[in-house]
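2 protein chains.
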Amino acid sequence: MSNSNQQAGSTSEKAGISPPEITNISAINQIKNKRRQQPTSQELINGILEGNRTSLSRAITLIESTNPDHFEKASEVVQGCLTHANKSIRIGITGVPGVGKSTFIEAFGKHLTELGKKVAVLAVDPSSSLSHGSILGDKTRMEELVKDENAFIRPSASGETLGGVARKTRETIILCEAAGFDTIIIETVGVGQSETAVHSMVDFFLLLKISGAGDELQGIKRGIMEMADAIVINKADGDNIKKANQAKVEFNRALHLFPSKKSNWQPKVTTCSSLTKDGIPEVWNTISNYFELTKESGFFQEKRNEQNHFWMLETINEELKQNFFNQPEIVSLLEKSKKAVQNNEISSFAAASQLLKLYFDKGAKAQRDKGSE
Amino acid sequence: MSNSNQQAGSTSEKAGISPPEITNISAINQIKNKRRQQPTSQELINGILEGNRTSLSRAITLIESTNPDHFEKASEVVQGCLTHANKSIRIGITGVPGVGKSTFIEAFGKHLTELGKKVAVLAVDPSSSLSHGSILGDKTRMEELVKDENAFIRPSASGETLGGVARKTRETIILCEAAGFDTIIIETVGVGQSETAVHSMVDFFLLLKISGAGDELQGIKRGIMEMADAIVINKADGDNIKKANQAKVEFNRALHLFPSKKSNWQPKVTTCSSLTKDGIPEVWNTISNYFELTKESGFFQEKRNEQNHFWMLETINEELKQNFFNQPEIVSLLEKSKKAVQNNEISSFAAASQLLKLYFDKGAKAQRDKGSE
Numbered sequence: 001m002s003n004s005n006q007q008a009g010s011t012s013e014k015a016g017i018s019p020p021e022i023t024n025i026s027a028i029n030q031i032k033n034k035r036r037q038q039p040t041s042q043e044l045i046n047g048i049l050e051g052n053r054t055s056l057s058r059a060i061t062l063i064e065s066t067n068p069d070h071f072e073k074a075s076e077v078v079q080g081c082l083t084h085a086n087k088s089i090r091i092g093i094t095g096v097p098g099v100g101k102s103t104f105i106e107a108f109g110k111h112l113t114e115l116g117k118k119v120a121v122l123a124v125d126p127s128s129s130l131s132h133g134s135i136l137g138d139k140t141r142m143e144e145l146v147k148d149e150n151a152f153i154r155p156s157a158s159g160e161t162l163g164g165v166a167r168k169t170r171e172t173i174i175l176c177e178a179a180g181f182d183t184i185i186i187e188t189v190g191v192g193q194s195e196t197a198v199h200s201m202v203d204f205f206l207l208l209k210i211s212g213a214g215d216e217l218q219g220i221k222r223g224i225m226e227m228a229d230a231i232v233i234n235k236a237d238g239d240n241i242k243k244a245n246q247a248k249v250e251f252n253r254a255l256h257l258f259p260s261k262k263s264n265w266q267p268k269v270t271t272c273s274s275l276t277k278d279g280i281p282e283v284w285n286t287i288s289n290y291f292e293l294t295k296e297s298g299f300f301q302e303k304r305n306e307q308n309h310f311w312m313l314e315t316i317n318e319e320l321k322q323n324f325f326n327q328p329e330i331v332s333l334l335e336k337s338k339k340a341v342q343n344n345e346i347s348s349f350a351a352a353s354q355l356l357k358l359y360f361d362k363g364a365k366a367q368r369d370k371g372s373e
Numbered sequence: 001m002s003n004s005n006q007q008a009g010s011t012s013e014k015a016g017i018s019p020p021e022i023t024n025i026s027a028i029n030q031i032k033n034k035r036r037q038q039p040t041s042q043e044l045i046n047g048i049l050e051g052n053r054t055s056l057s058r059a060i061t062l063i064e065s066t067n068p069d070h071f072e073k074a075s076e077v078v079q080g081c082l083t084h085a086n087k088s089i090r091i092g093i094t095g096v097p098g099v100g101k102s103t104f105i106e107a108f109g110k111h112l113t114e115l116g117k118k119v120a121v122l123a124v125d126p127s128s129s130l131s132h133g134s135i136l137g138d139k140t141r142m143e144e145l146v147k148d149e150n151a152f153i154r155p156s157a158s159g160e161t162l163g164g165v166a167r168k169t170r171e172t173i174i175l176c177e178a179a180g181f182d183t184i185i186i187e188t189v190g191v192g193q194s195e196t197a198v199h200s201m202v203d204f205f206l207l208l209k210i211s212g213a214g215d216e217l218q219g220i221k222r223g224i225m226e227m228a229d230a231i232v233i234n235k236a237d238g239d240n241i242k243k244a245n246q247a248k249v250e251f252n253r254a255l256h257l258f259p260s261k262k263s264n265w266q267p268k269v270t271t272c273s274s275l276t277k278d279g280i281p282e283v284w285n286t287i288s289n290y291f292e293l294t295k296e297s298g299f300f301q302e303k304r305n306e307q308n309h310f311w312m313l314e315t316i317n318e319e320l321k322q323n324f325f326n327q328p329e330i331v332s333l334l335e336k337s338k339k340a341v342q343n344n345e346i347s348s349f350a351a352a353s354q355l356l357k358l359y360f361d362k363g364a365k366a367q368r369d370k371g372s373e
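These protein sequences, in sequence, are chains Y and S.
With the UniProt record's numbering, the residue at position 364 of the first sequence is 364, and numbering never jumps.
With the UniProt record's numbering, the residue at position 355 of the second sequence is 355, and numbering never jumps.
Treat the hints as calculated values from the structure; they're not laboratory data.
Honestly, I wouldn't trust all of these hints.
As the list claims (entries may be wrong) - Quick list of in silico lysine-lysine cross-link-like pairs, DSS-like style, CA-CA up to 25 Å:
#1 Y:K339 with S:K303
#2 S:K117 with S:K277
#3 S:K248 with Y:K248
#4 S:K336 with Y:K303
#5 S:K262 with S:K242
#6 Y:K303 with S:K73
#7 Y:K295 with S:K339
#8 S:K87 with S:K303
#9 Y:K262 with S:K338
#10 Y:K277 with Y:K248
#11 Y:K362 with S:K357
#12 Y:K357 with Y:K338
#13 S:K295 with Y:K262
#14 S:K73 with Y:K338
#15 S:K147 with S:K117
#16 Y:K338 with S:K295
#17 Y:K87 with S:K339
#18 S:K357 with S:K321
#19 S:K357 with Y:K73
#20 S:K295 with S:K262
#21 S:K277 with S:K110
#22 S:K362 with Y:K321
#23 Y:K338 with S:K248
#24 S:K336 with Y:K362
#25 S:K303 with Y:K338
What the hints assert, rightly or not - According to the in silico footprint, chain Y covers these stretches of chain S (three or more CB under 8 Å from chain Y):
#26 71-77
#27 170-176
#28 245-259
#29 342-354
No experiment lies behind these values; they were computed from the predicted model shown.
Glycine included, every Cβ here is placed at the ideal spot set by N, Cα and C.
Generate coordinates for the entire structure from the input sequences, incorporating the hints supplied.
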């Protein structure tokens with residue numbers, strides 16, 4: 001086809017003159033070829049379902065794209081994978097920088113692939129645009145796992161709001177599951193809001209700690225300990241073993257003071273060393289026990305249903321807020337309202353009422369105008 | 001006035017005929033008197049600022065009223081009191097039913113009034129419409145405090161959403177402060193979402209517990225322990241003293257495992273008996289220390305500013321959601337979307353996109369129609 005096109009074009013050229021368009025034609029063909037190489041959404045779906053890693057990576061790139069043209073195609077791929085998803089277990093892992101998340105995931109992930117599992121490792125890190133992808137960015141820390149053909153590692157989508165990263169991660173989970181990965185690990189750093197988002201998209205939530213950590217752990221968000229299904233004290237090797245065991249006793253005692261979970265699961269505390277691999281199989285045993293218990297009780301499916309519902313509502317709420325706070329009239333009044341509230345000139349509720357009136361009157365007026373046509 | 005009115009009316013009667021209108025006139029006058037008795041918003045403001053309890057009660061009733069006519073007047077009163085508010089300390093108290101919240105507040109409140117403080121006790125209990133005002137409904141449990149002229153007790157506004165109850169409580173706080181109450185206690189039951197709302201409207205958050213409580217405390221929401229600035233183990237009397245002291249040690253140990261608070265305050269654990277009054281002064285000492293520390297560091301004011309800002313945004317978010325989910329088109333599509341998401345026929349995000357498109361297209365169409373006029 002491209003050849004005949006070229007010939008058709010060349011017939012209009014004057015004889016004897018060397019065609020300067022040849023460069024252009026070759027460029028056009030390159031673009032055409034490239035377009036032809038872009039697989040259709042159905043080709044991507046087929047590739048993913050066959051377990052083709054290139055298809056999977058390309059589809060995830062589509063999901064992560066900020067190009068509006070890619071949005072529809074990405075949706076088609078997700079939709080096509082959806083009925084083949086939901087067959088994995090999803091494990092969230094959090095911990096502040098310094099607890100050794102990457103080396104833990106390397107050791108834990110290798111243990112899982114040795115058990116015959118197919119492991120996908122994703123990350124949620126809305127700050128990664130600032131820190132240039134700190135999470136999983138340094139793949140050298142996972143040098144064994146990254147070479148493992150039964151593992152798939154994908155760094156966090158960057159340069160995004162938490163809501164955006166959460167959506168992309170949830171959709172990436174669907175694709176990974178459709179591609180046959182049966183164990184999805186989602187890594188996040190335990191600061192800000194990201195770990196709450198991750199907690200809302202996984203079946204099991206693991207908090208990684210190290211022993212004797214005082215000040216260095218204060219960056220972790222309050223409430224994380226109560227979200228954890230397991231606390232694993234990492235770096236329990238050499239001189240650290242005794243301290244790690246002490247920490248284990250303390251955390252166990254503390255967790256018993258917490259109210260029991262809806263899952264009826266009593267969170268476990270264990271120690272491990274990502275270096276010596278001691279305790280790594282026990283982490284998996286704990287997680288296995290959890291899935292046995294919750295799948296039998298029906299809690300596993302119940303929680304997934306709740307999460308699906310949660311993300312539908314959460315997406316709606318986020319969009320509604322975005323629409324409101326992006327209105328130019330609101331932007332200009334909001335700053336004044338904030339100050340007036342801070343100076344006790346107006347109550348929080350009266351200020352909110354003013355802003356809402358401005359927003360809805362605009363819509364209501366449009367509605368009225370429409371009705372009186 | 002009403003007498004002269006009646007005489008004026010009687011001149012038009014025919015002589016010798018007993019006037020049947022007399023009943024109506026008296027009824028009309030009753031209504032007129034009643035109208036005349038309804039104080040204006042300025043009268044209410046003046047009354048409140050003078051510390052008149054009747055004015056305060058009436059104004060709170062206006063705030064709690066669901067009659068739209070009362071809304072504007074209530075807003076005026078709140079607005080008028082606003083500059084006189086913000087001079088109190090606000091203490092939230094939570095705990096599951098059975099820990100003795102009412103008797104604790106009775107003992108603690110009496111201790112405060114004996115110290116010369118003026119104490120207002122409010123409640124947040126969105127479930128009270130179901131339980132017919134369980135919180136503070138049984139005022140007999142506070143029989144001393146209810147008679148105390150330096151205390152003001154007001155049960156929860158009922159039959160409302162949590163957002164509604166929160167707004168009303170926040171506005172009631174403003175009125176109580178303007179009326180000269182310097183210590184505001186907000187009671188809530190530690191289930192559902194109400195304690196998070198209360199935590200966002202107080203300066204100090206106290207969790208009431210009893211010792212040896214296992215199953216009976218499981219109703220308490222996860223995450224509350226981390227919100228607490230103090231845990232007070234109640235009913236530390238008689239045979240319970242030893243168990244209460246053990247519980248104190250355990251909770252103290254557990255709290256030290258938590259990351260430190262933004263206020264730099266290390267939460268305290270104490271024991272008390274609302275019966276013998278042992279430990280009640282210590283609760284107040286703890287709270288005093290907290291206020292000394294946080295007022296000096298500036299955290300006290302910073303937190304109040306954040307709370308004011310939070311409630312402005314929260315009110316906006318709630319209204320946006322309500323508007324969305326009350327649209328008839330949304331209501332009918334939402335049920336279908338929920339089922340489709342649950343059956344994995346559509347992703348949470350695609351379902352949310354459909355609903356949002358329906359909502360905004362309606363508004364956008366109206367805007368377009370308006371533009372093409």
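Verification of the hints:
| no. | hint | verdict |
| --- | --- | --- |
| 1 | Y:K339 with S:K303 | holds, 15 Å |
| 2 | S:K117 with S:K277 | holds, 18 Å |
| 3 | S:K248 with Y:K248 | holds, 21 Å |
| 4 | S:K336 with Y:K303 | holds, 20 Å |
| 5 | S:K262 with S:K242 | violated, 33 Å |
| 6 | Y:K303 with S:K73 | violated, 46 Å |
| 7 | Y:K295 with S:K339 | holds, 21 Å |
| 8 | S:K87 with S:K303 | holds, 14 Å |
| 9 | Y:K262 with S:K338 | holds, 22 Å |
| 10 | Y:K277 with Y:K248 | holds, 17 Å |
| 11 | Y:K362 with S:K357 | holds, 19 Å |
| 12 | Y:K357 with Y:K338 | holds, 16 Å |
| 13 | S:K295 with Y:K262 | violated, 39 Å |
| 14 | S:K73 with Y:K338 | holds, 24 Å |
| 15 | S:K147 with S:K117 | holds, 15 Å |
| 16 | Y:K338 with S:K295 | holds, 22 Å |
| 17 | Y:K87 with S:K339 | holds, 19 Å |
| 18 | S:K357 with S:K321 | holds, 15 Å |
| 19 | S:K357 with Y:K73 | holds, 18 Å |
| 20 | S:K295 with S:K262 | holds, 14 Å |
| 21 | S:K277 with S:K110 | holds, 10 Å |
| 22 | S:K362 with Y:K321 | holds, 17 Å |
| 23 | Y:K338 with S:K248 | violated, 42 Å |
| 24 | S:K336 with Y:K362 | violated, 30 Å |
| 25 | S:K303 with Y:K338 | holds, 15 Å |
| 26 | 71-77 | violated (count 1) |
| 27 | 170-176 | holds (count 3) |
| 28 | 245-259 | holds (count 7) |
| 29 | 342-354 | holds (count 11) |
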